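Chains B, C and D: place on chain A using the hints.
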Amino acid sequence: MSELQDTARRLLDEGLVQVVIGWEEGPRGARPVFVTSAADCERLIFDARCVHNLATFLNPRRSQITALGKAAVVVKGCDAKAVAGLLREAQLERAGIVLIGVRCGGVAGEPATLAPPALSAETVSARCWGCDVREPESVDMLVGEAQPEPPVTADLDERVAALDALSPAERFAFWTKELSRCTQCYACRQACPLCCCERCIVEKTEPQWIETSPHPRGNFAWHLTRAQHLAGRCVGCGECERACPVGIPLGLINRKLQQVVYELYGYTVSEDPAVPAPIGAYATDDTQDFIE
Amino acid sequence: MTLAYYPGCSMHGTSREYEESLLAVAAALELGLTEIADWSCCGASSAHAADHLLGVALPARNLALAEAQGADEVLAPCAACYNRLSGAVHAVAEEPGMAAKVPEVLGRAFANSVRVLSIVELLQGLAPVIEERVAARLEPNPLEHLNIAAYWGCLLVRPAAITGFDDAERPTGMDDVISACSANPVSWNMAVECCGGAFSVSRTSSVLRLSRAIIEDARHCGADAILAACPLCHANLDFRQSAMSLRGEPPMPVLYITQLVGLALGLPMAALGFERHFVDTQPLFARLAREAEKAAAAAAERDAAKAARAAAKAGAS
Amino acid sequence: MSRIGVFICHCGENIARTVDCGAVAEALREHPGVVVAEDYKYMCSDPGQQLIKKAIADNDLTGVVVCACSPHMHEKTFRRAAAQAGLNPFVVEMANIREHCSWIHDDRGEATAKAIDTARTIVEKVKHNKPLQTIRIPVTKRALVIGGGIAGIQAALDIADGGHEVVLVEKEASIGGHMSQLSETFPTLDCSQCILTPRMVEAYQHPRIKLYTWSEVEKVDGYIGNFSVTIRRKARSVDEDLCNGCGDCQAACPSRRIDSEFDAGLSRRPAIYTPFPQAVPNMPVLDREHCTLFKGRRKGLAKDACGKCKETCLKGAIDYDGQDTFVTEEIGAIVVATGFQLYDIGREQPAGLKGYGEYGYGEVPDVIDGLQFERLASASGPTGGEMLRPSDGAEPKTVVFVKCVGSRDPEKGMSYCSKICCMYTAKHTMLYKHKVHDGRAVVFYMDIRAAGKGYDEFSRRAIEEDGAEYIRGRVSRIFRDGDKVKVWGYDTLSHRQVVVDADMVVLATAVRPQPGIGELAQKLSVSYDQDGFLNEAHPKLRPVETNTAGVYLAGACQAPRDIPESVAMAGATAAKVLGLFSADELERDPSVALVDERTCIGCFNCEHVCPYGAIEHRDVCDMEGHVCGHVAYVNPGVCQGCGTCVAVCPSKSVELAGFTDDQVYAEINALAGW
Amino acid sequence: MSVVNQPQRSGERAPDDSGRATAEFEPRITAFVCNWCTYTGADLAGTSRLHMASNVRIIRLPCTGRIDHVFIVKAFERGADGVIVSGCHPADCHYTAGNYHARRRFGVFRELLSFLGVDPERLTFSWVSASEGGKWADVVNETIERVRRLGPFDSYHGLAGAATPADDPFARFEMPAGATGGTAAAPADGHDAASQAPSGTGDAS
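Protein chains in written order, with this note's numbering: chain A, 1 to 292; chain B, 1 to 317; chain C, 1 to 674; chain D, 1 to 205.
There are no misleading hints in this set.
Listed next, the in silico BS3-like pairs over lysine-lysine satisfying Cα-Cα at most 27 angstroms (straight line):
#, chain 1, residue 1, chain 2, residue 2
1, C, K308, C, K295
2, C, K130, C, K53
3, C, K130, A, K204
4, C, K540, D, K135
5, C, K576, C, K540
6, C, K54, C, K41
Bear in mind the hints are in silico, worked out from the structure with no lab data behind them.
These figures come from a predicted structure and were not determined experimentally.
Next comes chain A alone, as it looks inside the complex:
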């Protein structure tokens, strides 16, 4: 991936940025890295194991990172959409960052492997299903060779449809079982590039809208709120689900809401920060079949 390394080196050499946020080879597979010197640029890699959404590190409240100075960040399609989200919500200034786009043909479900796996229906990450970005458009520079479509994997939509087909009671049983495992560790929140509040609603105690004790009732409140707050914002990068230590299929909820905002308001999340988010905008003729 010398093209990526050279680009990074040039940016640092010319002092255009002080840090390049990318991926490196770690002891247990690919991991994020913060390169601050041209010499270290050789550490930068990009392959199917680079699943982490690096936009997360652009959250302006990560002071230890902002302290490093102006950042260039390596972005796949899903990462670029997340950056657009941060721009849309005035969390970043476009001029304040450099985006190095990588052509991406899908990533693996599991980054912790010593060699990049051959992408197959088994190994590819579920998040890549239906991904429409082979090369991000909103970037300052683009590296890597053209990539094929990711292999077809288990269709998220099919799994959502399967749940939709159940009765509410059955769905409730399903989610009660899933959510009962939640310990409200908030890893899903930390991994999410768009969950960037200073003080999350769950940490607001006056009043305590969301019960923090990890019983299913508090967990329902938490996941309902997390999902609602991400409705029309979630880019489907799947990091929340990957981060979840107890394996709650959050991807299903996120996907469902992506479908809903599309069906109701024709909205799909894009790389263009100028497109207003569906929640917070409205049309006078919005659907209201559900209103008596």
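Same frame as chain A, now just chains B, C and D:
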């Protein structure tokens, strides 16, 4: 997309030239019309006056048949049929209970799924195709010299609620077709006035008065002919014309819209049934042909002169 | 710690009949934080209020709950009472146990249970009520009037005479509006110009009125009492200080074939022109769209194609290079008086409108609209007041007037009644008959709507004294027939078709709001109806106010209005403005949103949803004072307290006073397990 | 279906409910309504003496735009079997657009709830204007009947397992916090009081 064809009584009777020209045009444009098997009367113009349900059910039967033979659109060239069929579609869709009652009285399924097309809608949609074909023609085109008044009558665009494909007071669709045929639409005042319609027999005097006003206004506004899209209108304007003492002006030919399109497509006159008209169309076409030739000759002359000048220049240098 | 007093009203029998008020008091006495709970026959009565005041004093209450009728009924009453007893009025709430309980249930047990729940819910809420202070904001005592028609002129004069400065903005080159185009006015037939011109001059010369003609409102910032309005002064190409209005430039202008707006297209004007002789200010404007010189410049010609007016002007007042300029005015209140236009049924129609092609307007020269007829009848008009028709200048012997063209016609036009047409058509028939004594005036009408002082008498006069022929029915078609105009109509009284061979036809076309009203409404954040007329705050009780505080409506921008009504509305807006200006500060309900800057991350979701533009950006600085971020700030002067921002704030960093999350949470909690 | 076995609703009923002691299940409906249209419409229902079932408790807010999805979640947590959200008709919003924003948020949230297994039948969204007292009565009665058919929402109430508010009838109320706090006016009181009843699961008892 299959297009069913509902002839109605006139197309097989008083207005055979309308059907002949329609089928000729349909063949030329490869429309694949399939006549509705076992079609029956649309009820015009008495059924709806006698009983509302009857007035809906009669046309609905034919729509149901069209449905059954897998059509999504039905062409009703006769304005009265078009009006009744659209009326039925509207009634079944809008009136409470109708959707249930109609299949019941028909004794057959009716989903009200077919769209009713008027001849004008159909041809307006094909205008670009027609234009192309006209442009492709080489020989001098007499139609370029034809000033013709588009006559809609009352049934094609009224009531707006059930027809509504064009403005009820100032429709423009037929003019589009005329222009596509390279003829010149005339701006006049009687386009949507009544010709007397079904009173042709019962109160002929009224029909003569009304139809005559139409013909006079057309002439007054500089039309060589009137374009009709309704058998009844055509009958009143064409067949009754001799009975209107027209102060000795030359008679006013009345063409069917399909005949005009046929001419534009270059189909043989014989195939378009002009000989069936009461007002002879030959003098008009003869005149147009002469003018076309004159124009062609003049053009040729100009070209020759230009060529000569060019040659002279070339020789000089 | 909360010390709440609960006061249960019997409302005579209204509540007590179905709710056991004693039991409610009993239950509430047990309720945590409640120190006193009493029931009484009429809490809103004077002894009832005394009882509450005494309880407040005796028990040193920190909150009061009155269980009685709807807060819409008596919240003010009880808050006032509490205030008199020294308690902050905003810690007083009402539990609605009448409209929402005793009146809609008959089972005494159920009703009582519900009343107790409701009372407890509100008690829990009140525990979190904060004492609030009424918001006071300063008022800039200058008014902006948009539109220099009769309504705008009247409003400006009234406010200025009231002692305050007024900025009057008119988009045309002269003030006067439509009224200056009218010949005579109903129901008195006095000359429009004669009564209007003095008012125009008065406004122009008024020491406290600043007049901007050929100008438009570009941008409106701020809020009631504190607007900042940017005005675009369109390049006039004539220096207003140098020009003495001699008119030489107009005589010199070579392009003279431009339709005159003032004569509604019935006469021609040069490219540099004064709209009409009595124009105020009496100063020309250069119409750059039609000017030969500017046409040339647009084509990119090397040297200017003309320059006659500049050569002729002895004062050197002509300036071809002037550009639009912008001025910003500090304003306290805004009066919108942008007036109307007539529904042009001829040309291209906006979405939803079909026009009336069958009436031949715009194609048959002798088919004109009401305003054109005013010009034909006007002594200052293209015919010098002689009744001559446009096509050939002949005197029309038969004139047909058609009313309700585009009005009261949901099918093709407007569903509403344009209101002024009945009267001006009656006037037109008179003006016509007074000029053409042997002429026929035929009127097609749907109804004669002549409500108003002297109006019916007036229209009767048209029929009975001046012999206008009124035919009740609509017209189906109007077309040219030789040098005649054929009118086909129907008489619905005698049920026969009517055909009139007219020499001229006058269409009373519908009254519509000015073009561009939508954009202006958005600048002012005033709502408008489906027809584009601006919405008043309340159709009966607040007819000249809008939902945007400090913005008022005068004249036909709100609905079709005649002159007396427009003038009356103008006076009303002036009264509102002067009332607003009578105090140095104005008071506002303190139920507004407040941002917690410690936790706001400046995503500005709140800004996107705020209907009032009350959200501002505030810089956050680090220790060294460098800007390190932005947070939202709610301008309490602008905020109306809807709370939409609160609901969309992901981190719950916005609160709405009076309806805080704490309060709602407590209410929901209080309902648990009822 | 119920994941956690629940005590009978009768055992759960707070003592002040004497009037509702009936074998049949009586749904509890919490209604969040806007101040200008629906609340006033409900007032009109009252002044018109339109009788309706008594299972609805109204919480008044300035505008549907103020209504947050967490209100609904909390209402279910706190024992509601159904929830009504009601405000001004489109274009009638006192604040011009609050209802439009609410319409979008709840259009999405309703789907989300349903996806997580909360039967949308338990939720009523409606536009009720100040002049629609009759419509309000219908909305109330229809919602109650619908929820009555669905039965108690124990499955949700019971998610927390053992402790339910009803075990201690006063658990849900802010208790006089003995020593702490000054006057209700001082922010301190409101705060520590609220923090005392974070979940209402009887911590105060």
